[in-house]
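Residue numbers (my numbering), protein chains in the order written: chain A, 1 to 210; chain B, 1001 to 1333; chain C, 2001 to 2225.
Keep in mind that the hints were calculated from the coordinates and are not lab data. We treat Cβ as the ideally placed atom computed from N, Cα and C, and that holds for glycine. Incorrect hints may appear among the rest.
Quick list of the computed label-pair ranges, beta carbon to beta carbon [to be verified]: (1) Thr1206(B) <-> Trp2131(C): 55 to 61 angstroms; (2) Leu2051(C) <-> Pro106(A): 31 to 37 angstroms; (3) Ala1212(B) <-> Val33(A): 49 to 55 angstroms.
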Amino acid sequence: MMWSWIPSNWQLIWQLTRENAYLGVVPALIGLVISLPVGIIAARWRWFYPPVLTVINVIYAVPSLALFIALIPAFGLTDTNVVIALTVFSLCVIVPNVVAGLRSVPDSVRQAATAMGYGPLRRLATVELPLAVPVIIGGLRVGVVSGISLASVGQLIGVSSLGYLFIDGLQRSFPTEIYVGLVLVIVLALACDLVLVAVKRVLTPWAVRS
Amino acid sequence: MLTSTPRRKRGTIAAAALAVIAIASLSACSTNSTSTSSSSSASAPATSAGSSSSSGGSNPLSPTGGGAVVVGSANFPESELLAEIYILALQAKGVKVTPKLNINSREVYYPQIKSGAISIIPEYNGTLLSVAVDPKSTAKSTADVDAALAADLPSTLEVLNPSSAQDSDSITVTAATAAKYHLTSIADLKPYASQLVLGAPPEFKTRADGIAGLKATYGLTFKSFVPLDESGPITLSALTGGRVQAADVFTTTPQIITDKLVTLTDPKFNFAAQNVIPLVNKSALTPTIESTLNAISAKLTTSALLQLDAAVIVQHANYSTVAAAFLKQAGLS
Amino acid sequence: MSFFSWAWDWITQPANWHGTGSIPQQLLAHLGYSALPLIIAAVIAIPSGALIGHRGRGATAVINAANAWRAIPTLGLLVLLVVWLGFTPLTWLLPLVVLAVPPILVNTCEGVAGVDPDVRDAARGMGMTAWQQVLRVELPIALPLILVGLRTSAIFVVATATIAAYIGLGGLGRFIIDGLASNAYGPVAGGALLVVILAVLVLALFAGLSWLLVPAGLRGRRRQG
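Pulled out of the complex, with its shape left as it was, chain A reads as follows (with noise of 0.2 angstroms):
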């Protein structure tokens, strides 16, 4: 382990986890906007749901590295490519969750707010949704984490990412890139998991804390 490649890399190290970041957060926010809606309906219209689990069960089958691929005609070898990719993925974790967060509301809840004069829209927006936000985040939370994993696969189209130090780090036989790659990648996604933890607990000030 060549320990002192590290200060004297700094900027790269650097840059390469900034680049991952967008490419693992990024897609999965555009994901998050995407699967709101779409989880409203699937789970207002009951019959929506099961063909859009299928595409998505299929979708998430794909390998990142053939998506990529797949988008190449269309976006070339671009960061844009990449993102588009991995926003599918996230939708594929996402979507669910939003669903499955929206029907673990209890009726008796919807029924009261009913009852108060909340109309659809008003009860979906004060009632449903912040009740459905832990497993929403909870989706969210593993859209980040694989996305910032997967965004490693991206260097082998040419997008930078921290899958820069394992591909130059095999091709040199130089562990220490590969170790600083793992361990900024681990670090990386389990810190914005920790944030979006926040990010729960602060949306959620009225649940219990165990």
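Given chain A, put chains B and C in place with the hints provided.
Structure of chains B and C alone, referenced to chain A:
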């Protein structure tokens, strides 16, 4: 994970992490807008000219003379090293440079440099000619190859002066294999090839000087072909470990010396000359750039390149450190 | 031309179905690269998950750990093992096993832990030993969830086995990596499409298995998305 830390501390940790990630994402956004703007929508499947769905032909950026110069590299250490040398030398002369390193392979970056999304990339004249420019070319010597390039390169591209440093494909065997079959040149393999497994980069299977070339030039038919990597650890371990008995090891691979491998000579020139040469998009070329890069090529010899490779690959020195040292020593920084 | 037309043209070329490195050969290799890690992962994860779920303690830790597990980049792990171990079967086996264990472990754990306490009580009341409780009551009840876990792992493994070609192995990834290296989009798209088809077949296989093995009384309960 967090369940055992006290509440207040948890909050602080989370807030700190949030801040870090927020800053990271924000700065990544700005970083990515510059890097994506130079990578454009040049698409990979360039085999069939009729790829109509590809990016509507809309073009990537055509660099104006005053814009930043984009220096690219392929995704193997030597290419990255050469690119670093170019970058540092140009920066020393006040040229604003944007690096775009580790783009997969020629098949991928070539359309990008043709269109101007990349301005400069270190290349090897022989493979550039036979793979990207004119697959039917029979030019083999440095002079012939350069002449063919000058004649056949697309109008947007130009090559500058070649260096004397060459890093070519080869057929290399272990010392033991060479001793066993008394091998010094590729021609010596003819009686034994059918018993030997050949390993090389995957594109060797379809390249003109690959499997087909070996058959045409030397009459060799190997027992089988195993696709490996670009003369990297997979190839080297396959060769030394016996998974393949002959491999395409690039001639400036430092492990040739450290692993005591024997590179067979190529008397019939199956592999063309492979001088390191800067490939440039004409619209980005300025006299400063031209003279700087030519000065580098003048000082780059095969033995110098081999030493640089050893520093980077075997001693794991930083690309930029080694590049800077080379430039200093050559009086170019 | 779209991804699909490139893929289809390549897949339907008869030449690609014969000789070394042909589609059937790589398909078989890919199945091997996928099946073995899955079996090993199941052998490790099901007993462990059952044990933890039965005891009830440490279940949350397992679930948190599994989430953390997703953070491990398989490409990085693969590369690390190449550098440490060189070219051995363990080099590709280990990352895939590491990838496959968490979903099976978590689902087995949750499934066993989630068994109705009344049922557990009844089993204990009938004089079953802990082992018998697990084997004859809890695992069968947890079966739907375990099958979901196995299915998830199977899909992960089938998909990830493509990366193994990057270190010189066979399987469907070979078409992708070789195609990328030679700028031939046909095999790239074709290989990718074949992996997807294989994954869909795995989905269908597990749907069938689930229909066969899960008794009607348990089906429809506790749908895990």
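Flag every earlier hint the structure violates by its number, smallest first. none
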